[in-house]
Every structure is written in C-alpha cells, then in structure tokens.
Amino acid sequence: MKTGTRILLTGGGTAGHVNPALAIGAALAEPGSETLFVGVKGRAEEQVVPREGIPIRFVRASGFPGARPSPAFARFLVDLAFGTAQAAAILLRFRPDVLVGTGGFASAPVIFAATFLKKLRMSKARVFVHEQNAVPGKLNRLVGRYAEKVFVTFPETLSLFPGNGALTGYPVRKRIGHVAPEEARARLDFPVPEGRTVVFVFGGSQGSRSLNRGLVDALGDLMPHAGRLFIVHGTGLFKGGGYDAQADTAARLAARYTEEERARIAAFYTSRSYFHDIASVYALAGLVVIRGGSGSLNEVARMGIPALVVPKANLPGDHQVANARALERAGGAEVLYEETVLSDGHLVEVLDGARLARRILALAEDPERLADMSKKGRDVLGIDAAAEIAHHVRLGHARTGIDPTLVPAPSVVSNAALLSRLEKAAVAAGRSYRVEDVVEPRDLTWFRSRAASLLVNDEWEARNLGVKLLGLLDAKEKVPLLLALLADRTPAPLLQRILGGDFAQVGFVRRNVYTALGRLDVVDAGVEEALLSGFSDPYWEVRAEAARTAARFAGRLSRHAEAVAALRRGLSDRNLEAAAAAAEALGVLGSEKDALPALLALADYRFWKVRAAALKGVLSLVERGEVRDREKLKKALPGFLLTSTDFRPQFEMKLSYRRVVEALSRGQEAAR
Amino acid sequence: MIFWIGKLLAPFPSLSFLRLAEYLSARSIGAALTAVLLTLWITPKVIWWLQRRAFVDQVRETGIPSAFDKAGTPVMGGVVLVGVVTGSSLLWCNLGSGYALLVLLGMVWFGAIGFIDDRAKMMARSGDKGMSEPKKLLLQGTFAALLVAVLASPWTPLPAAEAARLHLPFLKTAILDSPWLYLPFVFLFVLLVGNSVNITDGMDGLAIVPSVFAISVLGVFGYLLGNAIWSRYLVYPFLPGAGELAIFASAFAGAGIGFLWFNAYPAQIFMGDTGSLSIGGSLAVASVLLKQEFLFVILGGLFVAEAFSSQVQDKIGIKLLGRRIFARAPLHHAMAYNGLAETKVVVRLWIVAGILALAALATLKLR
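Residue numbers (this note's numbering), protein chains in the order written: chain A, 1101 to 1772; chain B, 849 to 1215.
Because the hints were derived from the structure by calculation, they are not lab data.
Just so it is clear, the structure is predicted and the values come from calculations on it, not from any experiment.
Here a beta-carbon is modelled for each residue, glycine too, at the ideal position from N, C-alpha and C.
Worth double-checking, as some hints may not be accurate.
Among the chain A residues that face chain B by a calculated CB cut under 10 angstroms, a handful are [what the hints assert, rightly or not]:
{"#": "1", "residue": "Ala1525"}
{"#": "2", "residue": "Asn1564"}
{"#": "3", "residue": "Leu1594"}
{"#": "4", "residue": "Gly1601"}
{"#": "5", "residue": "Asp1602"}
{"#": "6", "residue": "Gly1607"}
When you get a sec, could you build the whole thing from the sequences and use the hints?
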C-alpha cells in the first residue's frame, strides 16, 4: 500500500465487534498510515478504542427494534438517517482509502454512508466487511453484497456471499499471545498441580449463571476423579438484577456440599471472578467449557484448545448455537445444550450438573480425542485472520487459502420456519403424521430442547410457538413442562386484566397446550388433572379445546366419571363453541345412561350449532354401540329441531370438475 | 358536460327543452340511469375478460366454509365502478364546480391506490401480501393533505365563512371554527374513513348496498344544503354548488346497483380494494365537503362497527391479550361464525345500514 493510507474502522455497539476491528486495524496499519475509528457514544468502543491510541469519532445509531411500526422503529429510522448524514460528513472529511466494518449497529450508518457516497462517486473508499458469526447479522446480510469483500469466520457462511465472500477466520488481537506453560504456572496467583488435565470453565468476562451453577452441581460427580483434574472456574463480574456471580457461586457451593466435601473439592477446584492474565490460564488449559460467543470460541480454537460449548439458545439469529455447531462440525468442539426443566413448579433453563460432569470426564479422560479436537480447531480457525484480511486488502487474494470444504454447510432452521414446515406436513399427512418423516433424528433432540427453552420466554408469542412445536415434534418427555404452563396462574398485568385478559399464560397459549397434549397422546395423572381444570377455564377456546382433547383420549381416562360429569355441566356453557365441543365430546366419552339424556335435552336448544353438536354426540353414542334401547331413541329423535340459519352451498360445476380429476387419477393408477 | 351543452344551446328557441339540463333533479336522474345501464352493459364483458386473464381473488384462511369455494372469482370490479361513476359524472355534472371535481378526484385517487394493492396481491398470489400498510397510508395521506390544502386555499368550493368550521349533527351552530384544529382533523378523518369500507367488503354484496345508502344520503344532503331555501329552512349552512354532489351520488348509486346485479350471492365479481377504497374516498370527501363529518358515525355506522371490531380484536385481543375478545371479527364474520348463513348476514346488515341511513336523514330535522 502506498504510504499515508487512510484506514477507517467501524464496528461496535456491542463489545464483540470492537476487538476484531482493532485487530484488523492493527494488521493493516503501516508507518505513515492514519487510522480513524467511528462508533457510537456510550458504547464499548468509547472505552476501548482510545486506549489503543486510535482517534474515535461518534455517530448516532440505535439497535434495530424489529420491523413493526412503533415509536422505537421511528426513532431507529431517525437515528439511522442522522447517523448516516454524520458518517457521510466524516467520510468526506477523512477520505479513507480502506473502510473495514465488523458489524453491530454502530457500523450501520457508516456502511450506508460509504455505499451511498460510492454510488455517487464521491468516495473512493474500498469497503470491507467482517462477519464473526456463522449466521450473519442483519446488517451484513443487507449490505454485504455492496462490499468489495466479505470476510467470514466459518466456512458455512461463504455460501451466503457467493460473489465476494472470503474465508479468513476471526481476527484476534495480538495481546492474547502464547505463553509457555512454566511461565504461566509462575505468573498465576494460584498453584496448578502438574500431571492433571486443567479444565477452564468460564462464561466470558461477565460470567454465565447457568454455567456457574451447572459447574458447582457437577463438582460432586467430578470428585472421584479429583486426582486427574484441575478445574479453574471464572465466575465473571456480573453483579445486579438479583444475581451476583461471585457470591451466588460461593453460596451454592456452601449449600450443596458439606465442609468435608468442600475440603476435597478445594484440592482440584479454584474460582476467581476475573483473570487479568487469561493468556496464562489458556496456556495451561487442556479443555475449556465456554459459551458460544464468536469471540471466545474463536480465541480458544485458534490456540488449539478443545472446547465443550454450552450455547445460550434462542438469541437473535440463534448465533451462539450456530457458532457452536459450526465448530462442532469442524471437529474442534463438542456441544452441550441447556435444558428447560421444572423447578419448584417454575420453568427454568439450567445446565444439568450431572450431564456436564459426564461430558467433562468423557473428554478429559480421552487425550487422543482432545488432541484431535485441538488439531481440527486450529486447522479450521487457527489461521491468523487479521493477517489474512490484510493480505486480501493489500493484494486482493488469500494468503494461505483455507480449504472451505473442510466443513459441510447446513443451515439452521429457525423455530418459525420449522413450525411452518411441520404444520404443512401435519395437514398433508393427517392421521398418519410422524415427525420422524419430516425431521432428521439427529436434529430432533436439538429442536425439542430449543422449543422447550421457548417456554420460558418473556413474550407469549414465543411461548406459544414453543408449545405448538413441542406438540408437532412429538416431545413426549416435555409434557410436564406443558402442564406447568397450564398450572401457572400468575395473573396478567393490570392493564390487560382491565381489557379482558386473565393470566400471564394467555388464552392462546393455554388453548394450544391442550392441542399439543392431544397430539402427544400421553395420558397420565397430570394430564387428566389438566383436562379437568381446563373444562372450567375462564377462556372459552380453552374449554372447547379441553373437551376436544378429552374426546381424543376416550377409553384411557382413569377419572372418566369426573370428565363425563364435567362435560355434562359444559353443555350449559354460555359460549356456543364451548357448549358444542362439550356435546360432541360427551358423545365420544359418555354412555347411554350418563350422556344420552343430557344430549337429547339439547334437541330444542335455541342455537342450532349446539343442537347440531348434540346430534353428532348422539351419533357417536350409537356408532359406539352404547345405545341399547333403540326404540326409545328413535321416538326421541324427532324432537330435534332440524332447522338452522346456515347451509353449505354446493357448486355443481366444481363438483363435476373434481370428479373428472379424480376419475382421471384413478384411471392412471389402474393403468400403472 | 351536458350541463354546458345545455347552457350553450338552450337559448336557441327550438332547443329550449335543454334548459332541463340546468336542473339538478333532471341531471341526477340522468346520471343514475346512465350509470346503471352502462354498468349492466359493461360488467359481463369485464368479468369475462378478467376471468380469461386469471385476475382471480386470492383466498385467505377465514375458517368460514363458504369462502373456500370462492377462489376463482374475479376481483377488480371496482374498476368498473370507478370508471362508470367518473364517466357518468363527467357527462352530467357541472365540471366547474369544485365539489364535483374534488369528490371525483378523491374517488379516483383512492381507487388507484386500491388498484395497485389488488395488482400486488395478484402478483404475489396471496391475499395477505398487498401493498404495505405504510405505503398505502402515505399515498392516502398525500391526498388528504392535498384536500386540506385546497380547502384552506382561495380555490375552496366552500363559502369562506364555513371553510374551517366543524359541525355536529344535532347542533345548529358549529362547535369549532379554527383552521389549526379543523384541518388536521380533516386529514385524520379522510384517512380513517377512506379505509373503513375495506373491512366490510368481505361477503358478497355486503359492502355495496350500505355504500349506496350512505352516498345517497350524502347526495340528499348535498341537494338540500346547496339549495338556499332548504338550507335556511333546515338551519344548515348554505353551501352553494353542493348540489353537484347529488349528481355524483346518483351516479354512484346507479353504478352500485348495477354492480349488485352481479355481486349478489354467489358473486360473479368482487369490487376488490379498488372498489372499497374508492367508496371510502368518496364518502370521506363528500362528508368533509358537506361539513357532515360526524354524521359518518351514524351514516357509516356499519363501516365504523366493522372496522372497530376488527381493530379491537386484532390490536387488543390478539396482540396484547393473547386471546380473542369477540368470537370472530369483523362483525360479519362473528355473525357467520355463530351460525348465520352468509346470505342472511348480508341482508341483515343491509337492514341495519338502511336503518342507520334513515336515522342520518332524520338528523336533518332533529336539531
């Protein structure tokens, strides 16, 4: 590059974007070059960048709140417009030759401004973009095609940028260098015994609650193997909102283990809230247990440390899971998913201590596997990404050229897309729907686990999605979670209650739980209890759905008599839909003695829909052979008022048309 | 046009009968007849042409059985409506009148928006993916702003004193006389009313008859308020020239009846967004020009109820509370869901609209 190259870096809003930008900037910098960073005030970059000695300018930007019209969206647009104008001004003044964006909303205005100015031929800056995650963020998906090159971290992301993608890995700042083990041991402020596999567990600088708690729980199972392990636990600095990482971990340890046990634990476990000298810990670690953030994942893989990744599910774009699975496919990591379980009647996401212990042991006691993972991680992600990127920028092509075919490229189906696919299949297959026909068994466990974790989401739409998915995914083991949702009688906020709401677990969610229970086809004490309480739910659609589900379980209910009695009471429901559903269900569950008289009593009910349902109920009774006194029924039947205010029209030509089509296809079948 | 021809040629002794063309009543009847006959003549051709070009309606999942057999019915009947009304109005209206021009412009503008929306839905082959809401509102808002601008300008057809006044149906005097408050109100009114007919257009024949009632009542108001004697007698502001709205309304009523000939159950053609938006636009502009904005609550009460029930069910029920508030929305779906056949729902709602129209007329005397 000519001397005096002007480099503009942008990226931020959240920390994971700033460090890669600085790393790339460092690789691109040369004597005589000038660098400028553009970010958002009050964000990570404001603190970090000046410490590197790079000047920083600010523009306005705010995070993308979702495409629905709302005041937040309006503000986002205003901020974006303003910020783009500011960025354009900076670009015109600084006149960069090279512009590198690493994502995050802070870079959006700059990238937009650069693209506009380039189109207007007012800027000659070459625009480069780096994507840290396996699944690209919205910004890069939108503007990536206008960049000269899009540098991706994982091979599977290449397919999304067919024209201008380049596989470079994740740029890491030189400060996390390699340290020799002896030096590391000397530098650390706690002793690390020789001859043991050091397992470093940490959830980033802030820590991770489920990871911390899971590890404490796992210590009990790890105790017998104390002689071969040494656990270094980074609890994180998080303090607030009811969780204090350091204190909570200590308290949990004290609560779970006796004094004697804690003494034994101390022999192979130590914890700190933060490690200033993380490089030394890395130098000694034989295995890390981390979250799925792209930064730590890449750091670890580059250094060739095998990883057990516990991704946080259901983040935007599910990026932690995608990253974890990408590294898993490359062979550099194993993935352990959190589970949604019932705890004290509440649904929570936890990392099961026993499972964590099992996975740690399986890996720690298999040095060959660890060596293999280390190699594979380094092969795929161990390249000096910053140098690669600099090479691309200066010379226009790759330096080492990693083989992207090292890793196959599937896509991660979102929950919503999965639901749509399953619903279509269910409608097409009807009674013969089997989830295994639609979903790979390998993915099934993950999809179920992911759907279950939706059940603890703050938004009811997400919980609703989870409920529907669990039903269609045939996740029978999750039935207790669904029942817990039903039993949750937390009231809705006051405003909603005034407008007609009832519980925090809204009507749609409760109704869909019953639908899912019907699909899952599990009949136990808990389910029966739920059915019986469903018959008297405040929301009519729930009452109707409970009745329909009870009908599906005909012949398998142990509390049969109670159900029939409840359905009989349901016949006088003020709501038409609920009453009609009760009538039809009664026909399927009841008998001549306990159901028929009640159904016949509806023969002249005012609303014909209920009359029609009662008639259907009578039909069910007859078909099931429950009616012995046929003559009596025949005499009572004319009592049914058969007039109704509705009818089904038939279009004669459409009928004939369908018959022609059917006849043709039958003819084809015969001809085969 | 006939108005001008009449004015031009009437002085000639042998053509003195052409003086009839100056009378509103004569021109109204002429407009109505022209519209009806034209619609009856042209619609079958349009149906055939549309069906051949596969301009068929996209089905939405409603859970109401009768809707499913409708896929395959041509949409865009609104184009006929707009075309015939425009033609008939151009023929019979006094085109020098600002009233006529403004209401025509409103109808055509909104109709055009509806047309683009219908086309977009057809291209996407889905009833749910028409033009985006923000775009629609932007285009409608542009017209509303234009209307407001004209009303506030020297070219306003309204008498200057009345231009910024807001009236209520039962009160003899205006409750408001301030451009700063009135004009924004008109802006919002046009947006709301313009879209109100849209929701009602969900069953065969449902939207057109209440629309005909509504526009006819507004036509009557136009005739009376444009007449110096009547307006003084009824204690209404005198709006010279408003009688042209009666001609427009007659044309519309005629076209509407002609449309109903084909749109009755089972429908051979739908009006689509082209039709419902053009009706909404006409009602909105006419109401504003006659200073009868609040009358729409009674006159267009059916439209209001349908739109209201739909919004409440969607925004409060489904989005906020996560449950349905009404069994179904909008109103006509609720009636059908509870067991009423579609034809019965439609006729009953016609009756309701008729009663509301009569009530609106009654406000003429109830002051």
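Now the hints, each set against the structure:
no.	hint	in the structure
1	Ala1525	17 angstroms, violated
2	Asn1564	7 angstroms, holds
3	Leu1594	13 angstroms, violated
4	Gly1601	4 angstroms, holds
5	Asp1602	8 angstroms, holds
6	Gly1607	3 angstroms, holds
In this structure, the earlier hints numbered 1, 3 are contradicted, and the remaining ones agree with it.
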